[in-house]
Amino acid sequence: MQLKTHNIGKTFSGVNVLRNVDFDLKPGEVHALVGENGAGKSTFVKILSGVYTPTEGNIYLDEKNVEITSPIVAQRNGVSLIHQEPQSFSHLSVAENIFMGHMDGNNLSRVKWQEINSRSNEILESIGLKIDPKIIMDGLSIADQQMIEIAGALSKNSKVLIMDEPTSPLTPNEVGKLFEIVNKLKSNGMAIIFISHRLEEIRQISDRVTIFRDGDLITTKNINEVTNEQIIKFMIGRNIDDTEVKDNEFLKTEDYILNVKNLSLSKKFDDISFNLKKGEILGFAGLVGAGRTEVAKSIFGAEKFDKGQIIFKDKSIINNSPNEAINRGFAYVPEDRKQMGIFGPVAVEDNVTSAVPKDISNNLGLINTKIVTSMTKDYIKKFNIVLTSGRQLIEELSGGNQQKCIISKWLLSRPKVLILDEPTRGVDVGVKSEMYEIINQLAKEGTAIILISSELPEILSLSHRIIVMREGKITKILNNEEATQENIMSYAIN
Amino acid sequence: MLKKFSIYLSENPTLRYWIVRPEWVAVILLIISIISSIQLSPFFADLAFIMDSATPYVEYGLIAIILTLIIISGEIDLSIASMIALTAVIFGTAYNAGIGMPLSMIIALLSGTLCGLFNGILVTQLKIPSIILTIGTLTLYRGIAQSLASDFSLGGYPSWFIGIDYRYVGIIPIPVIIFTVFAIVVGFFLSSTIYGKQLYLIGTNPQTAKYSGIKVDRIKLLLFTLSGLVCGIAGILTTSRLAVARFNMATGAELEIVLMVMLGGTYIFGGRGNIFGTFVAFWIVVILRAGLNVARIKIESQLTILGAMLIIAIILTNYIYSKSQK
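Protein chains in written order, with the numbering used here: chain A, 366 to 859; chain B, 55 to 380.
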């Protein structure tokens, strides 16, 4: 089946995340989609598979205009999505998973087990998989679960298969097996969309590649017409903001406040070593899942580490809990604001003062509400936080204002090392530049800052040095002068 | 009108803070139960009678106050009634073994504390949901009490020990005074100290609490331990009141205690509630029970009325919380 889109666009609460996408997919083709996190490729495939409905534009299947309003409608039209992490019912059998949602019953609505089991067997054999359809899903490898999800798509007679980063949870061996199946499906006329960050794999499996950037489809090329360097260039081709990295006096010294040596945590990150000066902003670049957040959590004491050493102010330390870390002068602004950053239905002033219990109470533990209010007021003024009063619930504020509250909370604890994990995610452009000013000001005052961000312009315009991570390892440490979006991206990807 | 008012409230957080509070539901229910009890029987409007009716519930009330703290911090302890029975039986056994009153009391309090500590360790270290774990220890502790005492009533205490509910200051029985003082102290602790504030934060979002440096596990461990200790006190008080200790004392009391806490407007999922609400709810239960007794309504029907009240309180509490969130 041939799939075409014309002028597809998507807007989320006023923010345009996808614009004018004209895309085509031929039967018997593997078509790769690439782009940075947030470039719009996931939104696009979610529109094709019915998870989102487009704000504008049309989808054509075999030249016929279709409206894909839900995943079920997509499946009826022959479009199936294979998730990155297989979505299986682990306590049901393989056959039940394959036929989940379309088990035809007999007249009494009894499931025709024999038919389902034998058809599952046929499908599994057709893709060269030797699995008994009667066994329970639990205990199968992720690779096998993924194959079974593909088998499920085949059982629905899908003609278009969308695979969202299918190779990221697989071992190289399993990737080879997956590609065999993909090639088999392709020769049977299946049209396949393949999302991956690994350019080598894309080169190996796909016929054409389409590049997304900032919500636009940049270009579609035959894979043998472009080099990896060209693809990376297309991915990041926007103009870099012209903010300069700010120098400060602390950077001239050799005064390292933090020294991390060979830090490892099995399956999360491996052999992480770096050091950090007072007043330095150290950027952590990499793709989502590269292990940056995990490193930050281990340093902050929220998670453990297996091996390695953390030297803070010339002393070897282990933070056994965030409490110990905070007392030593660490602060961590988490990536997941709602789950780990705020106390939603609680007043702003109680949020802002939650990390400094000793500053707002006396020896007996009695809270001085006047101090709570005045401390909060200082930061409301300093950071321009928009609210009606300090007693307003924090969940009623906008994302940007919530983030300013969280930063205020950590500044109250007077941190020596401040870890910022995606500090400007979900924050509008105006607040973003205010946030950059705050970060630069803190560095100037001598705070050592670890900045984790998936936005390369942000990393480039703030960090003095940049650590690039890929799959749990540091692949490169760059000085700001030598760093470009191109070389960061190439270390982050391959 | 109502809509305008709620918009007005959301623009005035301080006013909303005082008005949109579920314990007002408890206060209204208390007034209703007083009025209807007086309607049922004119003899009811006698303060001394009400005070006397309150003493049997003081043991539950004390525990309800600690349970309020536990529920605010997002956990629950259902083994409370079994801990009353176990500590009472241990107390009776120890005294009958001839080791003297003070030592028996210390052993009873210590065993309650250990029971609570055991709950706390399993909840915080092994990360077992407290609702499941304490259903387990509910059975376990009651079982230990039964193996210790079998079907005997452990009695034979000195006369000075028996009948604490018949000692008064003025017309107020001593247990009621203990309860009131305890409620004021804990209420003050919860509303005005940093530790109280942290209980609300833990119950609202334990993850954020951990990342803010609050010692979530240690605080929860302390609360469960405290719950065990207070159950020990309640066990001794009950033994004094009944003059005997039996393994089946306070059977089913955990639900009545949870009822008090929830009737008082404490949110079962944690993060909200206060001691004032629980204190008012205690008196609702006392007055309803007494009023219904005076009106000669059978025990079975009393349960129906209490149950219905709890449902009403929960619906109103949830409604109010849903309003205060938006």
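A few of these clues could be false.
[What the hints assert, rightly or not] Taking lysine-lysine and the DSS-like style, the derived pairs with C-alpha atoms no more than 30 Å apart in a straight line are: (1) 797(A) <-> 264(B); (2) 678(A) <-> 542(A); (3) 181(B) <-> 643(A); (4) 781(A) <-> 746(A); (5) 632(A) <-> 58(B); (6) 672(A) <-> 352(B); (7) 269(B) <-> 626(A); (8) 352(B) <-> 703(A); (9) 841(A) <-> 633(A).
[Said to hold, decoys possible] A few chain A residues facing chain B, derived, Cβ under 7 Å: (10) 705; (11) 722; (12) 726; (13) 756; (14) 822; (15) 826.
These are computed hints drawn from the structure, not numbers from a lab. A quick note: this is a predicted structure, and the numbers were derived from the prediction, not measured. Built from N, CA and C at the ideal position, the CB exists for glycine as well.
Hints, verified against the model:
In summary, the hint linking residue 797(A) to residue 264(B) is supported, as the alpha carbons are separated by about 27 Å, within the 30 Å threshold. For the hint linking residue 678(A) to residue 542(A), the alpha-carbon distance of about 50 Å lies beyond 30 Å, and the restraint is violated. Our distance criterion of 30 Å between C-alpha atoms is broken by residue 181(B) and residue 643(A), whose separation comes to about 39 Å. Distance check on the hinted pair: residue 781(A) and residue 746(A) sit about 23 Å apart at the alpha-carbon level, within 30 Å; holds.
The straight-line distance between the Cα atoms of residue 632(A) and residue 58(B) is roughly 55 Å, outside the 30 Å bound, and the hint therefore fails. A hinted pair counts as satisfied when its Cα atoms are at most 30 Å apart, and residue 672(A) with residue 352(B) does not qualify at roughly 68 Å. Proximity of residue 269(B) to residue 626(A) is assessed by CA-CA distance (about 28 Å); at most 30 Å being required, the pair is judged to hold. Of the pairs offered as hints, the one joining residue 352(B) and residue 703(A) is violated, with about 51 Å between alpha carbons and a cut-off of 30 Å exceeded.
A distance of roughly 18 Å separates the Cα atoms of residue 841(A) and residue 633(A); the hinted pair therefore holds under the 30 Å criterion. For residue 705(A), the interface hint holds, since its Cβ comes within 7 Å of a Cβ in chain B; the closest pair sits about 5 Å apart. The interface hint given for residue 722(A) is met, as the beta carbon of that residue sits about 5 Å from the closest beta carbon of chain B, less than 7 Å. Satisfaction of the interface hint for residue 726(A) is found here, the shortest Cβ-Cβ separation to chain B being roughly 4 Å, below the 7 Å cut-off.
Below 7 Å, beta-carbon pairs count as interface contacts, and residue 756(A) has one with chain B at about 4 Å; its hint therefore holds. A hinted interface residue such as residue 822(A) counts as satisfied when its beta carbon comes closer than 7 Å to some beta carbon of chain B; here the least separation is about 28 Å, so the hint is violated. Look at residue 826(A): its Cβ only gets to about 27 Å from chain B, farther than 7 Å, so that hint breaks.
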